[in-house]
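A.B. asks: Now for the letters of each chain:
There are 2 protein chains.
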Amino acid sequence: MKLICNQRVFSACINTVQKAVSSKTTLPILKGILIATYGQQLKLVGTDLEIGIENYIDAEILSPGAVVLSSRILGDIIRKLPDADIEIEVDDNNTTTIRCENSEFTLVGQPAIEFPELSRVEEEEGYRLPQDLFKNMIKQTVFATAVDETRPILTGVLMELQEESINMVALDGYRLALRQANTRNSHNNKAVIPSKTLNEINRILLEEENTDVEIFFTDRHVLFNMNKIRVISRLLEGDFINYKQIIPKEYKVRAKVNTKKLLNSMERASLLAKEGKNNLVKFSIRDEIMNITSNAEIGKVFESVSIELEGEDIDIGFNSKYFLEALKIIDSEEIYLEFTTSVSPCIVKPVDHSNYTYLILPVRLVG
Amino acid sequence: MKLICNQRVFSACINTVQKAVSSKTTLPILKGILIATYGQQLKLVGTDLEIGIENYIDAEILSPGAVVLSSRILGDIIRKLPDADIEIEVDDNNTTTIRCENSEFTLVGQPAIEFPELSRVEEEEGYRLPQDLFKNMIKQTVFATAVDETRPILTGVLMELQEESINMVALDGYRLALRQANTRNSHNNKAVIPSKTLNEINRILLEEENTDVEIFFTDRHVLFNMNKIRVISRLLEGDFINYKQIIPKEYKVRAKVNTKKLLNSMERASLLAKEGKNNLVKFSIRDEIMNITSNAEIGKVFESVSIELEGEDIDIGFNSKYFLEALKIIDSEEIYLEFTTSVSPCIVKPVDHSNYTYLILPVRLVG
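Keeping their order, the protein sequence lines are chains E and W.
Here our numbering is used: position 217 in the first sequence is 1165, and no number is missing along the way.
Here our numbering is used: position 4 in the second sequence is 952, and no number is missing along the way.
Quick caveat, the hints were computed from the structure, so don't treat them as lab data.
Do not rely on the hints blindly, as some may be mistaken.
[As the list claims (entries may be wrong)] List time: in silico DSSO-like cross-link candidates among lysine-lysine, alpha-carbon distance up to 30 Å:
hint	chain 1	residue 1	chain 2	residue 2
1	E	K1248	E	K1192
2	W	K1276	W	K1230
3	W	K1225	E	K1028
4	E	K1248	W	K1297
5	E	K1222	E	K1208
6	E	K1028	W	K1297
[As the list claims (entries may be wrong)] Have a look at the derived ranges for each label pair, beta carbon to beta carbon:
hint	chain 1	residue 1	chain 2	residue 2	range
7	W	V957	E	P1030	41 to 49 Å
8	W	E1198	E	P1030	30 to 38 Å
9	E	I952	W	A960	47 to 55 Å
A quick note: this is a predicted structure, and the numbers were derived from the prediction, not measured.
Yeah, the Cβ is synthetic: ideal placement off N, Cα and C, and Gly gets one too.
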């Protein structure tokens, strides 16, 4: 195998596939990246067996072949080379020589045959989403997945693909995030995608409007195709919770509030809340003012935020962390907070559209 | 005590004195910052008993007083407040109320009387240095101090203050850094300043040319006065090594090389050097070329850098870490590398001036 490629392009490609490589793996070959010629292109692959990332780049292929090289060392070396042509040559023992201007590296490679093949997902009957929209949908849901593994299905995000819309839902027993988008799809499907996969996809997705990601499913895997980059991940097995029955249809109290002002006040209140237990902050909603208070041994805080209120006064307590995380990812200038009683869930919704719903359970106030 | 000050100014001031506060202290009062009125100014003080930082800011003092507040909590709160006026009020129990727009914090304070006084250093017979020059002198020496405490004196930097110059010297048994500056001083002195103190000073010093730092010594302490900020530190006790006798006066081989090109090549070579033992890189100096090589189990590297050579060919080995750290802080475009034999020290010097000398011991090559 022998080829010439550009340092910057090669380095960016290594950086992409490295996201799937785990340094903690017990299988040494998985610490490597597969580098293989593919027609007149170069293909790089990294995988931890749960998720696999393939990236194709243009290269001048002088003779075909494949090799596996240490992901960490290769990445470090290529990053440090000048922005110039790099020549890569692999001999029959997988010994790899990398030449660039006045530098020559010789690395011990491993045989490509030992590198595991990624699961096959046929690119038929897929779904299409603009990359920037998908990025936003991930951002607004993935943070609400469960961290602990006691109910593995909750560590993923449910994707419901329907003829006229795509819903993404995450919940962890304390809060729920639901993002909806209108799309046209030829058929229905649903699947639960691991949060780790979505976090990596989020880093790869572009913020430009005019490029789409294509999504294909099998019973056990999902493929995301983003032009030159393909990500293949296993799906989580099992049934997701029937989330629709958790979301209340009605409310008794509704407060309209400026998102940024509430976020700032909550951030300050949480400085003391996190010193105490439960991150507890209390809301006292009265007429045109919402007071936020929190107590800890070291001191207390009192914040007030102006609101527009429909309905009666209410006192209710929350874990500030769950509120803050939602306020940070809502782009709208104003939100509604909808309450029924001080022991029933609060719904957070943007004022200007209805594609996002966040539910948060209250903390019962004592006394 | 009651006063009004600006959020941005107060926050920057907390940030400065926090550098002296250690979160690991066993004396609870030292986790706090002393806040005291001082005429029509506000004084903040942080200390870990080794180093103390005082910072004065303008404030509207409504009634005098002093209190000690948790450094971490106070810093977090003030940083999160809006850029507006902050009112601070302390009652007889040291309970402190902080008001700013729609926020009100009440914090438990500690009595100022319990806060340790910083050591006194009279501001007489001092030395003056432009802040940007002192910053540069610290940067070019402090990295070469010893990390381990087996010889405590080597964890500091020797300052030699002479009538026409100031020298700063650091060494750790493997390398030595000497920075000289021409200044006019009224008297001679020398002292060894802990590297931690210099690192904190470096973060406080400005990069502007026209402000000076004033330096005052007692037998056991040093005071750095930078306008509104005063840093007081203990000195290291004991005699510094007679460093002048370590630096060779002559050389047999001298190579002139581009600093940045050598740095880049060394950084790449060290990627493999650090995989092996000792960070070993080998220089082969021949005519107009210096080859840099390194070997590890996973592979090897060959770099070549063009040089101008005076004297004979030489082969010599180094710990790449000690070379890299010096190359990173030399501002000159070109340097001289001066050698005598392959087992004697190498001297690194800027080509364009003589105020910096770096000495590095070679690693004996086997075979």
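A.B. asks: Hint by hint, say whether it matches the structure.
C.D. replies: Hints and how they fare:
no.: 1; hint: K1248/E to K1192/E; result: violated (38 Å)
no.: 2; hint: K1276/W to K1230/W; result: holds (19 Å)
no.: 3; hint: K1225/W to K1028/E; result: holds (21 Å)
no.: 4; hint: K1248/E to K1297/W; result: violated (58 Å)
no.: 5; hint: K1222/E to K1208/E; result: holds (20 Å)
no.: 6; hint: K1028/E to K1297/W; result: holds (25 Å)
no.: 7; hint: V957/W to P1030/E: 41 to 49 Å; result: holds (45 Å)
no.: 8; hint: E1198/W to P1030/E: 30 to 38 Å; result: holds (36 Å)
no.: 9; hint: I952/E to A960/W: 47 to 55 Å; result: holds (52 Å)
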